[in-house]
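Chains A and B, in that order, give the protein sequences. Per my numbering, residue 1 is the first one in the first sequence, and the count goes up by one each step. Per my numbering, residue 1001 is the first one in the second sequence, and the count goes up by one each step.
Cross-link-like lysine to aspartate or glutamate pairs, in silico, DMTMM-like; alpha carbons within 20 Å at most:
1. B:K1168 - A:E90
2. B:K1174 - B:D1156
3. A:K225 - A:D129
4. B:K1174 - A:E80
5. A:K69 - A:D293
6. B:K1174 - A:E90
7. B:K1093 - B:D1074
8. B:K1172 - A:E90
9. B:K1172 - A:E95
10. B:K1174 - A:E95
11. A:K290 - B:D1067
12. A:K69 - A:E95
13. B:K1172 - A:D293
14. B:K1174 - A:D293
15. B:K1172 - B:D1156
16. A:K290 - B:D1156
These are calculated hints, taken from the structure and not from any lab test.
One-letter residues, chain by chain:
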Amino acid sequence: MKFNKPDISIKAAGFARPLLLTPAEDIRGWLFMHAGRLLFFLITCTSVVSVFLIFTFITREAFGFVICKTPIQTLGRLWEFFTSPRWYPEAQQAEFGALSLIVGSFYVTSGALMLAVPAGLLAAMFLSDIAPFAIRQICKPVIEILAAIPSVAYGFFAVLVVAPWLQTHLGLTTGTNALNASIMLAIMAVPTIVSVADDAMTATGTYIREASYALGATRAETLIKVVIPAAHSGIIAAIILGMMRAIGETMVVWMAAGNASQIPAPWWNIASAVRTMTATIAGDMGETVKGSDHYHALFMAGFTLLAMTFILNLVSEYFLSQAKKISVAKRK
Amino acid sequence: MQKTAAVLAVVVMVLAGINYVNAAENSGLLQIEGSTTVGPIADAFAEVFKTKYQNATFTVKKTGSGDGAAALIDGRCDIATMSRFMKAEEIKKAVDKDIFPTIHAVAMDGVAIIVHPSNPVGELTRQQIHDIYVGKITNWKELGGADMPIVPITRDSSSGTFEVFNEKIMNKDKMAANVETVNANPQAQARVKSTEGAIAYVGLAFLEGCKALKIDGIVCTKGTVQQGIYPVSRPLFFFTNGFPEPGTIKFDFCTFHLTEKGQEIIEAKGFVPLTNY
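Next up, chain B with everything else stripped away, as it sits in the complex:
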């Protein structure tokens, strides 16, 4: 009787041991925090990883790039998603805490400037768009178009699209009071589609029914955004503490954007993958 119990105990311990080994490989908690723009990519990646690593748990918080950096520095997350590079003081703080921020560029975020398809204006400079949004240019005829008031449309200032536009075109200048605000890409698209004098900016997935303008002579396509020559675009990043150990989930996660599936996901979310498959 006692013998049986002892054998059983050994078997249980061995099984637990095997389980433990498996757990180390396949489970764990991967905490991701940061940008609201990169968040959807991380979310979609995590969705795929949930089926790949059934014992692991993934949490994706979308609070803002600054919060992501702070969380990485405090050791509260494994991967910080950021729509900008880390600031010097953030990196300094991290190194002081023995954390070495390591960058993984996962995608490009391009913003197209769109107008109504009937609008004869096909090309604008960044300065001209800036002047439209600060209220210096108010009629399309000043830009070689028809005599028609311009209806400038912007996004709510919490959106990543607004951030890119604000940075690359507006130079963070205040917009004029008559600029209308919408709170989603499809809504901006719908307004431009139905309004002849409208101008707006959207992610690259929302061009259907509108005309994307050439900016500084460069057409807005996936290719120009990918090559980094289209001016209204920016890279999106994952930051980790050091380069992740190969073979870990974290490593898999940070290199997933290089796989075909990863690129498909990035494109489906309205961003441009950095690699061509």
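For reference, chain A alone in the conformation it holds in the complex:
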């Protein structure tokens, strides 16, 4: 049978292009497709590669602080960094004890969580299970706007409004302290906690609630004994994400926490000024001579911070994937 070349003048309805491509067009198309793919791949790579570069850069600069001539000196350096609260990086006899900074970060973060977690979870419960649809439609975007306010605005609010208020109404000697920073960070962490926890609780689905009602449970019982346990992975992830928001925040703590490198005494005294790792890095980096001990010490603080957030991130990823598994399993 004679092979008839298809009539390339036949055109699909509405299309001006012939159905059969010439080899040149074919190759060009193939090239374009792969060039496009490569381009997209490279663009995606930049963010992946930049994460790796940030990791290696910070680690390398931090090692400059740790590595000394002898291993004993190295251990001494590390021991001082993690156990001494004396941070005098620019003094003649420089001291690099970051314990007060680590403790400061811990104070403001845990203080923020104590305020933000209950508030955030209650709000998430309300939004996912109690609020009428109309209220939910209004509330959720408004809460998310909170996350969009620049942190320096929170900082000004902390210094000019919250600090004097704490002094006059609670009789504190200084208004810029761990408590002030905790309140600010709590406000900033709430939107994260609310939206992730709300998503997790909404994702548990209506049928699980209906099954609970069918067994005679009240709405409150369903919420507390069924929905929350089912969504626990997502809720834990929400808390960890809120915690990461608080621990990494810089501008607000730099303005609101008072920046006194001390460990509060007695330990429960959240009205004393503290200094966090982030604030120290932001405040000191501008003045340091590149390559000096102070410079490397700041990177060491950055490395500590990075290690902490990295671990938190891994934990939250784990719980988020658990949450996804649960909701997928249920859909089946």
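Knowing the structure of chain A, use the given hints to seat chain B on it.
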């Protein structure tokens, strides 16, 4: 045809020549580098000079007095801005390279010690302030004030204000752990305004709403800083290689602080001019 071209070429060459002469007078690159404290003054001067000399380019780098000196010695800048005098070894290095650092004092930088207006304490000695910041004195009643804990506030150690304070009051001693840090003059002012027990130090432009203390019996005013009798103050400098040739932009720049406009700018930046207009 060829004649026309030749004439044109001559005209072009003449025009270029005229342009060239103008360029020599009015253009060029003036590189300024050095102190972060003096930087804002140089910046504001350069802003005025940009309209005065439209063909010239001005670059102002704010990296630190030491960097400014190094840049002048290496010939990387025309004017080094410095908040301290050149060190002996810097001058030695400069002279070895045939560069003769010449000083122009452009302004005074005074630092006021401020407290809450309701605080009855009106005068302290440098030693007392030193003792407050190292943590030896912690209550205002030890200084004849009310029974109230002192809240000492310092600036970030990269600021020029901190440098003056550290040098003139602290003698570079380490501050106590409870000293709070803020990162700008207005913030220090705001904290003192709203905190009864607070003490802080700021530039002279930030006294509103606070009370400036007498130091060693000397009030903190523009006049006392200008005369050099107020103890917490220092002069600010431009350094050039030799005295600039009169008629050049560099000469104009280094004498601009003597003009009325220059003094206004210095005052607007929170410093004290050396001359009275």
